[in-house]
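Asks: Residue strings, one per chain:
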Amino acid sequence: MKELSILIGGKAGDGIRQAGASIAGLLNEFGYWIFVYEDYPSIIRGGHNFSIIRAAAEKILAHEEKIDILIALDQQTINKHSRRLKKNSLIIFDSNAVKADGAGFALTEMVKKNNLPPIVRNTAVLAVLAAILGVDFFLVEKVIKSSLNKKVEENIAIAREAYDLAKSSEKKFTLSRLDNPARQLMTGNEALAIGAVKGGLEFYAAYPMTPVTAVLHFLAENKKKFNLQVVHAENEIGVIGMAEGAAYAGKRAMVGTSGGGFALMVEHLSLAGQAEIPLVIILGQRPGPATGLPTYTGQGELLFALHAGHGEFPRILIAPGDIDEAIEAARDAQNWAWQFQIPVIILADKHLCESAFPANPDKIPAEVKAAKLWDGQGEYRRYLWTEDGISPLAFPGQVGAIVKSDSYEHDEDGITTEEAEIALKNAEKRIKKAAAIEAELKKKSLVKTYGDQNSQTVLLVWGSTKGAAAEAAERLGCRVVQPLVVHPLPVNELAEKFQGAKKIIGVEGNASGQLCGLVAAAGFKIDAKILKYDGRPFTPAELVEKIKKII
Amino acid sequence: MKELSILIGGKAGDGIRQAGASIAGLLNEFGYWIFVYEDYPSIIRGGHNFSIIRAAAEKILAHEEKIDILIALDQQTINKHSRRLKKNSLIIFDSNAVKADGAGFALTEMVKKNNLPPIVRNTAVLAVLAAILGVDFFLVEKVIKSSLNKKVEENIAIAREAYDLAKSSEKKFTLSRLDNPARQLMTGNEALAIGAVKGGLEFYAAYPMTPVTAVLHFLAENKKKFNLQVVHAENEIGVIGMAEGAAYAGKRAMVGTSGGGFALMVEHLSLAGQAEIPLVIILGQRPGPATGLPTYTGQGELLFALHAGHGEFPRILIAPGDIDEAIEAARDAQNWAWQFQIPVIILADKHLCESAFPANPDKIPAEVKAAKLWDGQGEYRRYLWTEDGISPLAFPGQVGAIVKSDSYEHDEDGITTEEAEIALKNAEKRIKKAAAIEAELKKKSLVKTYGDQNSQTVLLVWGSTKGAAAEAAERLGCRVVQPLVVHPLPVNELAEKFQGAKKIIGVEGNASGQLCGLVAAAGFKIDAKILKYDGRPFTPAELVEKIKKII
Amino acid sequence: MAEAQKNITVADLSTACPNTWCPGCGNFGIEIAVKKAFGELINEEKIKRENLTVVTGIGCHGKIADYLNVNSFYSLHGRSIAPATGIKIARPELSVVAMAGDGDAYGEGLDHLVFAAKRNINLTVIIHDNRVYALTTGQVSPTSPKNFKGKSTPDGSLDKPINPLELMIIAGATFVARAFAGDAEFLREIIKEAVTHQGFAFVEVLQPCFTFFNTYEYYRGGVYHLENHNPADKSAALEKAREWDYSDSAAPKIPLGIFYQVEQPTFDRLMRE
Amino acid sequence: MAEAQKNITVADLSTACPNTWCPGCGNFGIEIAVKKAFGELINEEKIKRENLTVVTGIGCHGKIADYLNVNSFYSLHGRSIAPATGIKIARPELSVVAMAGDGDAYGEGLDHLVFAAKRNINLTVIIHDNRVYALTTGQVSPTSPKNFKGKSTPDGSLDKPINPLELMIIAGATFVARAFAGDAEFLREIIKEAVTHQGFAFVEVLQPCFTFFNTYEYYRGGVYHLENHNPADKSAALEKAREWDYSDSAAPKIPLGIFYQVEQPTFDRLMRE
Ligand SMILES: Cc1ncc(C[n+]2csc(CCOP(=O)(O)OP(=O)(O)O)c2C)c(N)n1
Ligand SMILES: Cc1ncc(C[n+]2csc(CCOP(=O)(O)OP(=O)(O)O)c2C)c(N)n1
Ligand code: SF4
Ligand code: SF4
Ligand SMILES: [Mg+2]
Ligand SMILES: [Mg+2]
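Protein chains in written order, with the working numbering: chain U, 1 to 551; chain L, 1 to 551; chain A, 1 to 273; chain E, 1 to 273.
Among the hints, erroneous ones may be present.
[Stated by the list, open to error] Within a straight-line C-alpha distance of at most 30 Å, the following computed BS3-like cross-link-like pairs (lysine-lysine) qualify: (1) 253(A) <-> 372(L); (2) 442(U) <-> 529(U); (3) 425(U) <-> 546(L); (4) 48(A) <-> 150(U).
[Unchecked claim] Derived DEER-like restraints, expressed as beta-carbon distance ranges: (5) 23(E) <-> 146(L): 41 to 47 Å; (6) 114(L) <-> 23(E): 39 to 45 Å; (7) 502(U) <-> 548(L): 41 to 47 Å; (8) 40(E) <-> 269(A): 50 to 56 Å; (9) 443(U) <-> 541(L): 42 to 48 Å.
If you're looking for bench data, these hints aren't it; they were derived computationally from the structure.
The C-beta atom is built at its ideal place from N, Cα and C for all residues, glycine as well.
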């Protein structure tokens, strides 16, 4: 079979995410492309969690509505997801907890009998799945060993028992091994962290917040390996204040948060604009306003990020849509932040941050471009007026340089002034920098396309929506255009990629079509919009339906 | 003479603002329309402060570049402002401190001799001016009495001495008394405060910040009279948190700040969006980014205010351009906030907040429109889904109602939910409210015009820029169009007011033309922009020059 | 107009919202204590049900807003105190109870807590102090012991915890108490005292987080009730507050009860004078 | 590469920026004390000039950033401590001195101050405490005495001041001192001690605001230097810190000097272990 979608569901605390990852690991070992979607409410126990693991022979970047195998650790999973079943789908379940038709096994009893905690059901069910798919047991063992570090033997024993029990079940699906090596599975959060390190990251500060908390966890775990300072600060204002201090002191800094935390950083963002502090901010979008749906996804903060901060100052907004783009985005963000001494915001979202994809981190080279540095000649002036608006940098500790950073308007030395002429020159310095940024960005291709490049129907997308859109376009034979940088918009390249388009359909995870607005303001006509704002990501099948209605 | 412009300058601490107000008071007594512009750096002593008092027979809303009388209490004033003199202008100065040609008097000595502090020079110079303009001394006395409450006698004695000394000077300008009663002079800040009270204000919280600090001072001073609670909180997050608490408890609340403080309020702004809390925010713009030019003016925060806050939610942005509009704006803001249970932002700026104008507060009636209230029937549901998206309000303390406000997505009772269907319904509730707002706003004329209504050249302006633009248009015979509400844009009315326009020129106090962008997005073509971003407001003469270059 | 209900039960004070705290969570103890305390205070006519208004932050603790069938303002993370202050200033007749987590009140929003105490505004603040960021799956908090191995500090945290009782006493709170979520009866009593106290009442609740920082045994081995303690004596209160320093020292002695209580003019009342 | 200058004078540490403090402002005393202390520390080779980095907030005090000819980060209102913390973590070899106003450090940004003390990060913090919001023309601040009649509280403020020394001692600062801007020589010595202290050093400076809260006489009548005080004794330090409560009581006794000093591992060093 060419592709397979498995949904595993249960309560928070049932180890669903862990089980999903193990299933993904199994299918990955078989050489399939993997996409793992996680769906969970903002609670630690109870409620309903599920993962969808989709495996395909071809590259995929999205999960699907419909599934082939439904694995239920509780009854809710059946109730909520039976609508996803196809004619031929199979249900695997714990018959001690769930009533359903299909492959039921007494897993609760099995675990109990072995004196193991209920969460071990997720190991048992993995083994059942493996048996039913005809996967060799040694692969199950391998996956268990690589994912657990406690009670490994006990888990393998349970797995053996469950595997043997299920071995004789009907094999509805047989998974043929593909001729691909297993790939490295990675979440968007890990990719952002690794990309930042490739761009020279030296300092990471954060305050926990879904969906980017795992960036903090990952970097804290690996701080020695990457030679980083990692701080969990008192709150988000402390986070960005510290990062700006570190950047002023010459260290490449990044912070990560989502909308509510970003809101608290807005005053300091404006400081980065005035004082010209290089800084990268990961903004992991989730549905607002306010606390909203904290563990779900959305794309509602493009305009917020674009205009956040009092006063006008240049910035770059990057919107990666898949795992490789996330690595590159975080790397390039560092280099651009330092090249232009500006804040760079990475617009991620829950769907990108927490979904797992096969990744190629080694194919993306590290690249730490030197910033424009002071040559040590004459008197140092932090805000020297230059042709391109970019002043050479020096840092405290450098003999001969007095480095004065200022949140007021200031003269070239960084001394406060309220003179109209100097204020004007500084405003123009910022305008020049914006022009320099546009010029630099033109050197790089920043608009991707998918699907049929000649199609007259174009889906305009950004960020994680790209995954579902690319696949829908593939199926319908239309074209996808995805700007990687959403500000400043790569207008010329967009024009090129739109060439021949008769109908441009914006597809976004928000209620107003925020990118559509920007693209329209740049002079392109948006003919229709497909918007989603219930916290759930698009799937290819859903998009196919919606696009069909329009074209 | 039909109009007269007087500039008085000195150091911070010389009492320039006080003197300017007294001069304005004098001219006001003569029946002139007054406009007072204050220019001062962010320091308490030293530096250079000046006020321009412009008086005219006709209504004016701006000061001018050129001046008729320059009053110098220090040499800097001559150096900085002699460029403003016309052929016929007169310089009045303290000859103990300043070298200049004109009417110099030994004021420092006079004050010293009388054992009074140097600041009393400002009384002496007022008397000199009065003598030279041929104003009766009793008016000088009246103005002194109404503006001072300490050492009144001593000041009157000095004034007498200075008046007698100057009486015999050449009278270059004779001020004829106009047949108008003296008007009430008021700053924009006072107008906003009074307007809010007319709209039912019950609670004001703030943290001091230029240019709106005086709203706090004024309301604190008058809290008993207006029956208000006024709090100077620990910081801006505390300010908006308290105001939201007060509004939840049923009291009409307002907060006032400028860009940096507003930045800190952004997370709570989003809470007002989600929890549907009625709240009015005065955003007194000044040039950013960051601390920028804290005592100067700008219009750089329209887009920031429009998109501030994570997630998408409805809001109204009002941009009053003169003193009467400020009163009305603050009044209407309260009513709209409560009618729609939304945040309403008043976009003021330093030029509006701190300039003084003649005002007619009594002509603008108080108006406290009742919000949609719960009828007490059945079970109370804070977020009841209704046709227009607006749920009836009840407040804690009401027997029978459990009032649950929630920052998460919630059901009609205000209980947290993460269900896609409910999230969608709530997003749609917000969209419905936005529609209801647009419908309501259509009932009111929200676009003003000035100048020649038939001119094909239209100046598009907002906020305080209106004053200078209206006068420039008058002189050039062109038309001014000023939307009072800048979001949601009154598109139909704009179209009406743009009728017949051949050339639309946007005039704004920012570097990008923020309103121009919004108006263009609404489908109108902006042909040219005149932008200013050095912290200084437009003047009519300056605009006339710039417009001439374009048309 | 509806009439106020008599004889309020715990069930009356409960919504239908399904509870999603982990089995064994200390929040259950707080929830039942709060409901009982509220019910009794209403039935004893010390407060009116319709005037009771709860404000919470964001965190596991915050979910209590959904479970309590009373007026509530489920605020932002770190921001329960400022809205509570606003509510009380606006409507002094309301009985306002703010609930917050340790990350919430001592980290994100510490300013507001200190200033509420300084003002001696007539609120009750109840801290669900599990000494961990629980809802975000287990990171160090301001009251975590030094060397805490959370997900953001896998090698152990580097700084010592703050002592919230000491902080509140010096900041100006006029009622400072500590209780243990594992002893809901005692907590209920403390909450009743706190709510009836005229002034800023601070209740620190030691709340084990079953999943990320299970401190039940540690506390059970260490807590004791203050006796022969004069809560009007500030020095004694401070001394008792320092008896345990929120470290993970072996064999701790952890006093519970009312450490400090005095009467002083409240901000909300002074504002209307 | 340029070579480090020897024999630094006060003039070397001064920029050409015109000073705009009011005549008589207490900030002048702080400025000269800071410059002398810095110059001496450099000349005594205790710190390197190029490593000296000053961070300030916004307020009258903040202008010192413009007047000091050293590396500086003129931050936002209330936000000198977090950037200073970031600078120190990023580059532990730098000598970082954060300066802040009372509104700045105790109001707008209190969180950061408390956490910097808690971390015992190796910074010096100097507070220009004029007990008023000066640059915004005279409003009540967190250390203003009760009943302060500022422009936002024309009938008098309603709450008592905080005591910053007490707060910092309990928060974890390992060096806590107070000085008076009217005695620049003593202040200079304290600053030298603070900067050379390994750990979080907090210096509260009583700074009269000539224009909005002229406290010269009040302080002159009350200040005295701590003697026979053991700064390693925390209880004694707290007791001394409480001797004056920041009220406007008549005939106050206001101790100056180093209240508290102990050596403890610093956050920046622990991070690199
Ligand atoms: C501004 C902001 N930052 C971060 C978060 C994410 N967040 C949700 S709960 C929480 C911390 C929870 O810790 P605590 O306050 O101690 O509550 P607990 O879950 O332990 O009860 C955080 C950081 C948020 N919601 N808002
Ligand atoms: C976020 C923010 N809020 C308010 C202000 C306005 N502001 C400038 S200085 C200041 C207070 C000054 O008080 P303090 O910190 O004590 O310094 P001082 O002027 O007394 O030295 C305020 C409120 C600001 N710049 N930024
Ligand atoms: S994570 Fe901890 S605090 Fe949260 S519900 Fe579970 S046990 Fe309670
Ligand atoms: S206002 Fe006060 S603090 Fe500011 S410069 Fe003047 S005297 Fe100094
Ligand atoms: Mg906690
Ligand atoms: Mg101060």
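Asks: All the hints need checking, so say for each whether the structure fits it.
Replies: Verification of the supplied hints:
{"no.": "1", "hint": "253(A) <-> 372(L)", "in the structure": "56 Å, violated"}
{"no.": "2", "hint": "442(U) <-> 529(U)", "in the structure": "28 Å, holds"}
{"no.": "3", "hint": "425(U) <-> 546(L)", "in the structure": "19 Å, holds"}
{"no.": "4", "hint": "48(A) <-> 150(U)", "in the structure": "53 Å, violated"}
{"no.": "5", "hint": "23(E) <-> 146(L): 41 to 47 Å", "in the structure": "30 Å, violated"}
{"no.": "6", "hint": "114(L) <-> 23(E): 39 to 45 Å", "in the structure": "21 Å, violated"}
{"no.": "7", "hint": "502(U) <-> 548(L): 41 to 47 Å", "in the structure": "45 Å, holds"}
{"no.": "8", "hint": "40(E) <-> 269(A): 50 to 56 Å", "in the structure": "53 Å, holds"}
{"no.": "9", "hint": "443(U) <-> 541(L): 42 to 48 Å", "in the structure": "45 Å, holds"}
Hint check: violations occur at hints 1, 4, 5, 6; the rest are consistent with the structure.
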